[in-house]
Each structure stands twice: as structure tokens, then as C-alpha cells.
Amino acid sequence: MALCGIASAQAPPVEYRIYRAPSPVVIDGRLDDRAWRLAPPVGDFVFNWHVSGEKEPTVAKLLWDDENLYVSWRCTDRHISAYELKRHGPVSKDDCVEIFVSPNPNKVRNYYTFEINVIGTMLNRCRTDWWTGPPTWEPEGVRYRTSHHGLEKKDESPDDREWVVEAAIPLRNFARDAAHTPPRDGDEWRLNLQRLGGKTNAQASTWSPIPPPARSFHTPEAFGKVIFVAQPATAASRAAGNPLDAAAGRELYNRSCTGCHGLDGAAGDRGPALGSQRTFLRRTTEELFDAIKNGIKGTLMPASPLPDADVYKMVAYIRSLRATARDVEVPGDPERGGEIFRTKGQCAQCHMIRGRGGLLGPDLTNIAAERKLDDLKSALTVPRPHPGRGYVPVTVVLKDGSRIKGVVKNEHNTSLQVLGEDSRLHMVMRAEAQAVEYGEKSLMPADYGKRLSAAELQDLLAYLSRQTRDQ
Amino acid sequence: MTLRNTLLLCALPVWAQVSYPDLLKAPPEQWLHYNGQYHGQRHSALNQITAANAAKVVPKWMFHVPGARRLESVPIVTGGVMYISQPNEVYALDARTGRLIWQYNRQPALLKGPNRGVAVYGTKVYMGTPDAFLVALDARTGSLLWETKLAEASDGYWSPAAPLAIEGKVIMGIAPSDHGLNGWLDAYDTETGERLWRFHTIPRPGEPGNETWAGDSWKTGGGGTWLTGTYDPELNLLYWGTGNPAPDFDGDVRKGDNLYTECVIAVDASTGKLKWYFQFTPWDVHDWDSVEVPILVDAEYKGRKRKLLAHADRNGYYYVLDRVTGEFLTGTPFVDNLNWASGLTSKGRPIRVPGVIPSLQGTKTCPATSGATNWMSPAYNPATGWFYVVAQEGCGINTKSRDTFRPGGNPYTGTGYIESPEEPWQMYVRALDLQTGKRMWEYKQVNSRRYGAGLLSTAGGLIFAGDDQGFLTALDARSGKPLWSFNTGQAISASPMTYAIGGKQYVALCAGSNVVAFGLPD
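Top to bottom, those sequences are chains A and B.
Residue numbers for the first sequence follow my numbering, so the first one is 1 and each next one is one higher.
Residue numbers for the second sequence follow my numbering, so the first one is 472 and each next one is one higher.
Here chain B stands alone, though its shape is the one from the complex (with noise of 0.2 Å):
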């Protein structure tokens, strides 16, 4: 450090709420980031809330957010405040009582969702936007501090996914990849909001990879960042699950691998250069977005201490990656309804069964185009040493016919899919060893079809799940027993996170329109 840097500093004690060694260590008594730590664990060192005394858990407050249907928000805490967001809005609420403090409204607000949540940097919250924007707003008022265009609104872009803050940057996807609106990964200066870099999830003319797709198919090719990945400092790579190629059922119109669709890229985090990837599923012609958490651990992995990267996809397998180098470890199934593969090569490459995609019939395609799971984050034990995750079984029926691509944010399938009358859906939530991808225990949530809510595994050996009945449940993280549960009387759609303020733990999570904590009896 420079002896001007030096006396910079000491002259301006600025009060960072919260610093990057924070965000680095996220001590469990705060939640600061979507999925709680970089390597996207979930699991929080808490342990107040025990199997032991599970039972014994009540809601201690509840926020309604006004306007609000189906949040999608994971909170952070940090300082006591909670802050949580639907699309165009952020909350700033006390974490103890659930009392507003300020709130923000982006004016004019263009209406369209999810927003999943926030990421904190010093004194910021930011956001993304229903109308691209990123946003950078005081943390302790709510004022407005900057805001940068991510993308054109009226392209049809917009940006649903929580930022990601590492250090002096915010790292931003960006949605849909539905409309054959082609994706990318930026870094912006957390600062000023100037751009930093931008990788193009679809190579352009010259790039490699344009050539996994046929004519100028890759124009329109899709390939979102529409959920928040994770992040190795040590190795100062960034993990971004990327979506679909577009249009999403019919492949006729871009024959190839269509990279970097429905991968786990790897990114350096200082140029935003790629330093690998790995594509679950090449040519996919089932709407499987790859965005899915990847779960990085460091763990022994055949003898050998390895960094690994574990990621449950959509289209049914789970995958164990080394995640400096992208090779692929192994791979096995985490769902019984699975009819499109019959197996992964070596590398990991699926084995396609002939005729498994869509027709104009209606081919039945396992798991469903609604995916094996989807946005509800996994999670990771390490005492365990078990990989948790929300499973669907059950098929879907898909169709194709020929689509034109229209500018302006119209979509761009090639059709879709209706649930199969002969495999109903049905969610899970499923333990499976982090190695072998082993079905350890499962817990059926019944009568919940798609979607839900996802995992939260703590200290207190507790794995915390939602689902779209409305049921906030803990089971037991070795048994998959159910210890407690809570109708919050709204379908959950969000993940749950944990936290503690003076000596108490709390888990709190979005559920419906309402923001619920919950804690032990005081």
C-alpha cells in the first residue's frame, strides 16, 4: 500500500456496514448474501434450533409487503436490519420485530417478476430491476445512490436475480432466455456502477463456441443468468449456471451444442474471462436452464482432497465437478422419472435416447420441462456430508412447432409442455451423498406439485424446506424426519435463511406476500 493510500485511509474513517472480510467470512449471525456464504451451502453454524427442541419453534413477527403475491426474495441481515425486496421495491426492516424502517420504490415502476433479493456492499443495497437496471440505494434511508442500464428494457430484457457482491464489484445476470435474447454475466463497480466487464454467455463471430450453432442461429440463442451462482475467492473464479437455448423446444433451428447454454461456467472474477465450463445438456430441447446453485465444497473426493463443485440440474442428474479444473467426477440421477438419457459418458455427456424430444404429437419427456428442480436452492451439510435438494418427480408431455423470433421481449419457445396424465408431479425433498449422489433419505411433501421452496441446513442438524402448500417444515438432517412444521397460509416460493440477534436464533423466510420469523420461545 502506498504511503497516500495509507493517510487516505486514516483520514477517512468511513463506517462500512459491511466490508468485504465480512462478506468473505459471513459470520453465522448474519445472512449477506442470496445463499448465505460464497460457496452457496446454506448451511448456517447456528444451533439454538436443535432436532431437540424443534418443536418448540413459533413465529416471533411477520411482515406483510404490500402488493405483494408469490416473493421470491431471500433476506439479508446484517446490523440488526433486514433487508428483503419484491420487483421495484426494497424493505429495510428491524430483523427482531419485523418494524419497517424505510422502504424503496423505483418510479415509474415497469411490472414484471420476480426479484429474488438484495446484495449488501459497505453502506449499499443493491438491486436489480423489472426494467434492467441495477440500483444502488443508502442502506441506512433508502435514498437512491446511482443506477446503471444492465440492458434495454424494451429489448425485453429484464433482471430478476440477486446480485452477487465480492469485493469492489457486483457481479449481475441478467433474464429472460426465453424471448431469444442472448445472455451474459457482468461486473459492475459496487462504487460508482460503472460496468467493469461483461462475459457473452452465447459467443459471437470469431469467438469459440460459435460454432456449436448452426447458421445465425446463436443470434437469438438465449442462454439467461437469471439466478445467483457462487464464488471461490481463493481461486477467484465465479460459478454461473446458465438457462436454455432459445427457441427452447424446438432444436431443428440451432443444430449444435449451442454453448454456453445450460453450463456451469467458470469466470475469472477479475477479467470476466472464461476459464471453463461444462455443459450438462448439450442441444436441450426441454427448457432445462442450468441456473441451479452450483455448491462448491472442499471435501476428500476418492482419496484425494479435491474443490468440488456439486450441482443438481434440471434436467435430472446431479454432478460432482472439480471445480478448478471443470472435469467432470461423477454423475447419477436424483430423480426415478428420467426417460431422456440412459446414462453420462466419461465426460459426463449425456447419453441421449433416440426420440425424446419434442414432436407435434406431444412426446412424454422425464422429468418434466418444469425440471427435476429449479430456482429453490439446494443445500450442503458438511457433518453429513450430505447434498439436499428439492426433487419432482413425474413427466410432462412436450410439444414443438415452428416459431419466429420477434424483437421486444416476445417469447420465443417453439412451444411448451402440459403435465403427463399418467406421471403427476410430485416434490421431494431428497438427501444424497455428496460423493455418489446416493438417495440417503427422501421426505415427501404432499401434495405439493412443482416448485416450493428451498433448503436451509444448520448446525442444529436441521434441514429447514418450504413448499407450495404453504408449510414451513424442519426435518432431521440425518433422518429426514419431520420435527416441526408451520402453515404460514400462503404457497412458499422462496428460500428460507437464519440468523441471530442477541444470543437468538431466528429462521426467517418469504412466504407468499409475507415476510415470517421464527425463533424459539422467549
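In isolation and in its complexed conformation, chain A is listed as follows (with noise of 0.2 Å):
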């Protein structure tokens, strides 16, 4: 009871979203499936009680079925053993990864392990309150697969690299203490999946940190918290990350780094604004991670005490302020918002979306991995000083008289490229025509924030931020 009490009054240390597999996911141990590329990584694993030696990482993911969990872990790795395989022998001397598993958030101490090692050997728990068998647990129609499964010992090389394991766990295996079987879209569980192991080097890394001043991996109030979601994992939610990393990062930032960047990144005074049209120096993760966790030397950034874990979140935030709309998190009904395009904003008429729509304005079909959330929201609501181009207004007076008005796709000196208003594409010789005028302001109306409720622009922006051509 009083152990329980601790672990619903502390927040779980992470979080992440288990998307549904968008497609069959195959266990064959090479995590090459459509699937498992579009997962999103849960995160950097942490080393609670590293004293010394390499911090080798760990990419790993998490997907769901009606059928199963899915779980993936990448392990880079210079020295790769094992060598037991008598089931449910020690596996965890190897080069091992594991997944303990609490279905329910309100039973923590409920929790199933799953420890697989390099070559293929598994050992089961069941950690339950009903559980009256063995120590050790036969789970039902487990499938797995590791990039070295075999009957054979694995001894140390030198063209060790990296090694994975890949495995489906039937959902079935935690109907007794999981609200629903299958989740349902919300359901929330605790887990943490965890690597050790080896003869060289054998660090132990977890998914969620685990607080001094325990010292073991059966620290289920330490596990971290998983939502499963209804929606297939896209391009969008890959590239995303994990948005909650990105959110509590923009809380951080927000905490320590406005002084001289500007809130939200957006103006700063000290430093430069870090999510703005600008060119910037430092782009990936690593880079930007050092700039926060080692400061910039010869300038005023100074080197950040935050732990890792949230330098890392900062680094995500950071990253999510440059992506394009796809890769940001974005609130809103995006159905709602797909009608509104159509019917309401009229936006259809001049735009097109998958074969469908107008020709006069730019084709938004890969609108949000082209351009960033922000640049979507003020195309919406803050009128451009000119007109793109391709897209700039053009009345042309023909030598007889006659009108063509449209938008110039291309001009020089002696002729125009015209698609006109009336859905035609128009050749004319500068010297055939008249007058050529141009408008001035783009055809584009920027007063959706006016013309549409709060509520409506923010579902249209839902639906534009996942307009990607491979969605």
C-alpha cells in the first residue's frame, strides 16, 4: 500500500507514445520494416550507476497491434557476448536487453519481464500479486529474434559492432491486469526496458532513469509511462521524436534560456533567436547538445548544470522550433480541418491536395515537409509584402483588347507564362501584348484568424501539418 502510494505521487520520469505498426511488422531481427522506421526511438537510455568506461547507446522502440507489442532495441556495442542458452538460464551476464511490463498504472508492482540475450536465450517473470507458480513464468506466444539468434555462444570480435533484438509479445499475456485487451487509444501502462551485460564493458542502461537509492532494475515505481495510440505511426511522428521530450524541453528553455534567446526562441537580445528564419551553426542533436551541456567558449553561453536527460529534452525542443510542420506535434481536429480546407476556407479553390483542388496557388500536398508550423500559421494570418514567385497576380491587355488575368509562372524580357483564372495556360509575347500589369498583393487572404475561430484555424493547421506526400 505505502509502496504504491509513492509510486502514483511521483510523476514517471518519461513518457512516450506507442503508435500503432502502420504496417506487418516481420521478427526477423533487422528492424528494416516500413513499421520500424516510421516508430519513433523512446529516447536516450541512462547510465544510473555508471562509475566508469564507454556510455554505448541504445535505440530502442515500441509499437502496437490488436495482437501484440512490439518492441525493438539497436544496441551499439564494441564487444558482443553471450553465452548461455539454456532457457531462462542468467541471461542477463550477456549482452542482454529486457522489458518489464506494468499494464496497470494503479498496480505497478504487477509487472512482467521479458530478458533476452545476444543469441537468442529468454528469461521470464511474472511479478504479480496472483502469480503462485515459479519464480520463472512461460508467457504465451512470445516471438523473437536477435541479429545473432542462433544455438552457437557468441565470443567477443574485433568487427563488433552493434547487434539487435526485435520481438512480439501477445497482448493476451497481460489481460489480467491491463484495463483493455487490446488497449484502447489513451490506455496508459508503465514499463521500462533496460540493457546490461558482458563480458567487457557491461554497463547497465535503462530507458527511465532509476533514482538513487535503489539499485536494481525491479524498481517498478521508477518505470516510465507509455500511452498507447489509436493513430498509425507516420513520417510525422518518426521525425517527431518523443513530442513530450519536446514539450518538457520548451519548459526548461523557457526556465533558463530566455534571457538571452528570447522566449520561445523567438527574438533574442544576448543570444541568437534559436527557431527563426536564420541561418544556424549548429543543427543536429549532438551539436546542440554540446552547445547547452559544454557552452560556447569566447561567448557568453555558458555551460548548463542540468543532468543529460534534460539538456537532451532542451535539445528536442530546440529541434522541434526548426522542423517543418510535420514534425511538430500539432493540436487540432485535423478531419475538421481537412473540411474547413474544402468547404468553410475555401481554400480548395485555389489549392490542390492529392489530385484534388485548384490550380492557381502552390500544390499542398507535401505542404509540412516544406515549410515549418510557423510559416503555415502567418501564410494564414499575416498578409505577405509580396506575392511568391510563380504565384504573382498579372492582368495582361492583348494587342486587340481582350484580358488574360492569372498568375505569372514564369516571364523575361520577351515573353510571359501565364496560368490564367480561367484554368488555362497562357503563351504571350511581350510584344503581342498591350499592358501588363501586376498585382501587387499575393491572391493568397491572410485574415483566416479573423474569417475562422480560433478553434477552426488551429484544426486546419492540424490538418495541413500532417500533409506530407509519403503520409
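Read the hints as simulated data drawn from the structure, not as lab findings.
Take these hints with a grain of salt, some might be off.
[Claimed, not checked] Calculated cross-link-like contacts (lysine-lysine; reagent style BS3-like; alpha-carbon spacing at most 25 Å):
(1) B:K726 - B:K835
(2) B:K527 - B:K909
(3) B:K690 - B:K620
(4) A:K399 - B:K975
(5) A:K399 - B:K531
(6) B:K778 - B:K726
Quick caveat: nothing in here was measured; it's all calculated off a predicted structure.
From these two lone chains plus the hints, build me the complex, please.
Right, here's the structure in full:
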């Protein structure tokens, strides 16, 4: 009882959304399925009890469908070894990964373990208040495969670089504790992902940090929070990484960085505006992490005293400021936004998406991969100083007095190529025209802040931020 | 027409850029098909540029296609706009100035070439892709409207041919023939991209013709449809040449005639059913695809008005068929170097010279595998009554070995060929009498060894021919005398075409990585 109290009082240190698998997951220890490519990683593993030695990274991902919880680990490792071949043997002495699952967040001490070494030996335990069997447990129908799967022991070799474990765990194994089987959209579980072992550099690392004084993976109070999402993983979800990291990073950023870089990275007085339209020197996660963690010598940028996990969250936030719209978690109802696009907003009169819509404006099929969310918002709400290239309004008066109204697709001193409001292309030689009158304002209305309610505008942005070619 | 249809048509006055009657008529000011018109004659009624003034022709504009090497696209021109393609890409240009209007880039692009052009219908532009899709673009913006998968690209299929648009349908072929992948001819709905029918060029078990393949050899038979065919709207028949059998050079593993490889197939455009076929080279072992454009001509033949089909084959023979029935009328060599057959039977079947088949040591084979002719389009001028063709003289040394079919787009050729040292290759433009195949004149393309460009015939009495030295040349259609030429600076691998805007005739073609348009000085 007391333990449960502690568990619910402490917010889980990390959170992750488990997307539905958008396509079948083939359990072959290769992780080259489209589904895995689209699934975002859970985030960096932390080395809770690190003393010395290299911190080799692990990339873990989760997916689900009506049958299974899918989990994968990709482990960077210069020294790969494993010897245990016996079912339920002590696999954690070998290079080994683990997932501990609490299907009921109100009863985190009811958890199930799956520990798999690099040569494919598994150990399972059922640590629940209802289990009366032996210390080990036989889950039903678990399929898994490792990159060194087999019946042979694995000695270290100079070629060792990385190894992979991939598993499909039937959800029915958790039916006794889970609220729903399969889970419903928004269902919350708790779990942790771990890695350890091997002859050389047997570092123990976990996804969800385990605070001192605990010295064991068997600390369910410290498990991270996972939320099952009915939405399939997409390119957007992958690129977003863990959106909750970015949200947490935003809070951290606005607490400690605004003095120089401005609120939300929008306007820097003493440091660069981190999310504005400018050229950035540091772009990658590593470069940004280094700048925050160690500061930038010769500038006012100080080293941050925050723990690495928090620095990574700030990095995620800064990257989200710079990301195109699809990489950002945009609230709102995309379906209603699509409706607004086609009806009240009249957007489809000029814009085409996936082969439907008008011609005069840019095709927006891939807009979320091309533009930042802020740019989409300002295109809808802030008048542009000039029409964009290829979309300048024009009226051509021909020698016979007839007029062509449309937008200039291309032009030069002798000719213009005009897409007319009549949906035809017009090839005009300037010598054949009496007058060519350019419009100074873009045909794009910029008053959607007024035309639409705040909620409608948000829905429209939610719709646009999901428009990618590889959707 | 029902009342409901009438109302619908009245209520929706959709502007069709290219209607079916346009495609049928193919007005000379426009160039609406890969080969200009459904009959594939590549003869234009435009006559502003003539034998008398051809010497004055000048380049009017050039457009460089970024990243292109050897373009094989034939430009389509309609409504003052020119559409050209390279693999994965379409460009819309102002046909008077060469200025870019829009471009389409397929992402992610699989690199495989060439692409031979687009088709237009309504307000759509159609193109086949290296990853074996048919894509439909909006002709005014280049927006992707839909895409339809033709075949699995991972199997090795791809789609280089320009589509052919007929009423409500886009006809599409597939490549290749050399990987042991079986071909077909497809029809797709112009509006939705839905497949309407498919004709398999290699008959499956139970279908007539399957017995012409020994054992299971039909499974890897080839028979691609990688060039654009022709169409007779009256008969509603499509005429399409089919590719070689696979493995190309080792016939031992596929004894039999190997239908319908190296045929012209006449396919009902409504149903996709085979009306008739004529096989040029039964059991070919020299990779002599018969995809060369079959030209449709209505003419007197031996005192009787007939619907003819004229075809110069890669195997060195020129054929005339009755295109209603497929009856063989005449066949005669159009190259001097021909050693594999001693003649044709009364049914048009070649009389093989024993021993002229690929061997382990190499066998002299004439014409060479590169072909007496190839994808370079021929032309027909109704005024002269002559058939114009780009021909290669010379021989090859053809070898064979036992090959294994490997799925996934691996070559399955059973070895290959080299140029014969004794009979080096040389390209010619030749005029043949349509009826008899008699050579009327020839023009030697000095220093051009193989392939090159197709031909354009105009009512100005000219034949335009490109070559792999980069020259576009205007020849007198009656004498073959060169009247004008221009060095485009890059090898030409595509056929020229012509169009007119504002009363001015242009001749244009893809030359290397550029599109170049020519005309008379202003």
C-alpha cells in the first residue's frame, strides 16, 4: 500500500506514445520494416550507476496492434558476447536487453519481465500479486529474433559494432492486469527498457532513470509512462521523436534560456533567436547538446548544470522549433481542418492536395514537409509583403483589347507564361501585349485569423501539418 | 445519349485541353502523340519549311534538362505548351520560347532510363516511371493527380515507353525483355487510372500459343512492350511490337516459336483481346525485338485499296501486312548485310540459314544485335509513297552460354554480341518503296555507328534525321540530298517532331541533354 502511494505521488520521469504499427512487423532481427522506420525511438538510455567506461547508446522502439506489443532494441557495442543457451538461464550476464511491463498504472508492482540475450535465450518472470507459480513464467506466443540468433555461443570479435533484438509479445499475456485487451486509444501503462551485460564493459542502462538509492531494475515505481495511441506511426511521428520530450524541453528552456535567446526562441537579445528564419551553425542533436552541456567558448553561452536527460529535452525542443510542420505535434482535429480546407476556408479553390483542388496556388500535398508550422500560421494570418515567385497576379491586355487574368508562372524580357483564372496556360510575347499589369498583393487571403474561429484555425493547421507526400 | 448525360455535359463545361477528336485528327500545328498521329506515319502537313528554304533554318531556342544525359523523349506540343520528359521528370515549356512553366519530379526517384515521352488527354499528362508506375499530372500545373502501379519494380520491371492515349484509355507497355520477365499490354482509365484490361504477350498454360514454349520456359519468356505502338480507330485495333524472348541468345532452353515474342500483335482496344498476330522472327536467338513502330497506311496494293501495315524489323527485313487480317503481303531485306535467313516463305516466315546461331566461340550474325533498325521511329510520306527508315549495316559476333534466371531484375541474356571486325557498323537513312521495299535512295550518316535518332517527314518535301554525332539534317524526301544540317553538340537519340504557333513552323527534338527548336529566321 505504501509503495503504491509513492508510485502514484511521483510523476513518471519519462513518457512515450506507442503508435500502432502502420504495416506488418516481420520478426527477423533486422528492423528494416517500414513500421520500425516510422516508429519514434523511446529516447536515450541513462546510465544510473555509471562509474567508468564507455556509455554505448541503445535505440529502443515500441509499436502495437490488436495482437501484440512490439519492442526493438538496437545496441551499439564494441564487445558482444553471450554464452547462456538454457531457457530461463541467467541471461543478464550476457549482452542482454529487457522489458519490464506493468499493464496497470495503479498497480505498478504487478509486472512481467522479458529478458533476451544476444544469442536468443529468454528469461521470463511474472512478478504479480496473483502469480503463485515458480519464479519463472511461460508467456504465450512470444516471437523474437536477435541479430546473432542461434544455438552457438558468441565470443567478442574485433568486428563487433552493434546488435539487434526484436520481439512481438501477445497482449493476451497482460489481460489479467490491463484495463483493456487490446488497449484502447489513450490507455496508459508503465514499463521500463533495459540493457546490460557482456564480458567487457557490462554497463547497465535504462530508458526510465532509476533514482538512488535503488540499485535494481526491479524498481517498478520508476518505470516510464507509455500511452497507447490508435494513430499509426507516420513519417511525422518518427521525425517528432518523442513529442513529450520537446514539451518538457520547452518548459526547461523557458525557465533558463529566455534571458538571452528570448521566449520560445523567438527573439534573442544577447544570443541568437533559436527558432527564427536565419542560418544556424549548430543543427544536429549532438551539436546542440554539446553547446548546451559545455557552453560555447569565447561567447556568453554558459555550460548548463542540468542533467543530460534534461539537456536532451531542451535539444528536442530547439529542434522542434526548426522542424517543418510534420515534425511538430500540432493539436486540433485534422479531419475538421480538412473540411474547413474544402468548404468554409475555400482553400481548395486555389490549392491542390493529392490531385484534388484548384490550380492557381501552390500544390500543398507535401506542404508539411516543406514549411514550418509558424510559416503555415503566418501564411494564413499575416499579409505577405509580396506575392511569391510563380504566383504574382497579372493582367495582360493584348493588342486586340482582350485580357488575360492570372498568375505569372515564368517571365523574361520578351515573354510571359501565365496560368489564367480560366484554368488555361497562356503563352504571351510582350510584343503582342498592350499592357502587363502586375498585382502587388498575393491572391492568398491572410485574414484567416478573422474568417475562422481560433479552434477552426487550429484544426486547419492540424490538417495542413499532416500533409506529406509519404503520408 | 441519355437525357441525364446530356444534362451533365451541359452543366459541367470542363475545358478539355486535348479532346479525343483532337487526338484523332492530330492537327498539324500540334504534335499530340509520340509518333504524331495514331497511324504513326510521322508525316506532318506543315510546309513552311521546304526544300527551297531549308538551308536558312536557324535554332530558335534551347532548353537544358538538368541532369539529363541522352534524352529519348519526343516532345508533345498542344496549346502552345511543349511537354518533354526524362526518367522521373516532366517539363512543361513555352513552345515558342523554351521558357519553363512547371516541372514534375518523382520522389523518391528510382534511377533507370530512358524515358521516351508523355501522352496527353483532357487536362492530364501521362508518363511511365522507372519504378513501373503510370502517373497522371495536371497539364497546367504539374500537380500529381494519381498514380497506378503497373508492375513490381522490385521484380525488375520498369516503364520507358511513352503512353498512347485513345478514347478514355491510356495504353501502356512494359520493359524489359532481357531479364526473363514476361510482358503485357495494358489499358488504364484516363480519369481514374484503373486498369481496364491486360493482354499477356506470353500465353499462360491453357492459352493458345503456350505450346510454342518448351517445358516451363514460358515462365521467363520476355516479350516486353517497351516502345509505343499505333492505332487504327476504324478497326479499333492497337498494333504493338513485342520484344525478344529470354534468354536472348540461348534458344536451347526454350525450343519452339516462342509466341508472342517478336510479333506485331493486333489487339482489340475495347477488350484487350488478340485479333491476330504476325511473328517476324520465330525462336529468335539474336535479341531482335520487334518493337519498331508499325506504320499504318491506306494505299493501293496490287490494284486493290487496302489497309496496310508497314514495319522495318530489327532482323533486317521490311514487311508489308494487311492490317485487317494480319495477312503477309511482302517482305524484303532493307540492309545488305543479312546472313541469317535466305528469304521468306509465302507466309512471311524466315527460311533460316543453318548454323547462324550464337555459339560458344562466336558466330558472325548480320544484321548485328543492335539491329538493322531499332527504336528510332521510321516515317512515311504519302506524296512520295516511300517508307523512310534509319538502318544499320554491319555484323556482330554472337555468343551464347547457359544462363540462370535470377528474379529481381537481373539480366537473363545467355551471353551477348560484339561488333564484327570485318563488317564494322555504319548508319544510313534509307527510302524504301512502300509496296515493294525497293531502295529508292540512301544517305550515309558518316561516322555514325549505331542507334541515333528517328525520322520526321514533312509536306515541305523534307526528311529530318538526327545522328549520334549530334547533327540534325534535313534531306530532300525525293533525292535524299542533304539540304541543311546543324551540330547540336551532343549525340541525338530521339526522334524529331514539328509544330506551328502563330503561323510559324518549328522543328524540335531532344539532343543529348537539351531540347532544341528550329525554324526559319523571323
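Status of the hints after comparison with the structure:
no.: 1; hint: B:K726 - B:K835; verdict: 22 Å, holds
no.: 2; hint: B:K527 - B:K909; verdict: 32 Å, violated
no.: 3; hint: B:K690 - B:K620; verdict: 21 Å, holds
no.: 4; hint: A:K399 - B:K975; verdict: 19 Å, holds
no.: 5; hint: A:K399 - B:K531; verdict: 24 Å, holds
no.: 6; hint: B:K778 - B:K726; verdict: 34 Å, violated
In summary, the structure is inconsistent with hints 2, 6 from the numbered list given earlier, while agreeing with the others.
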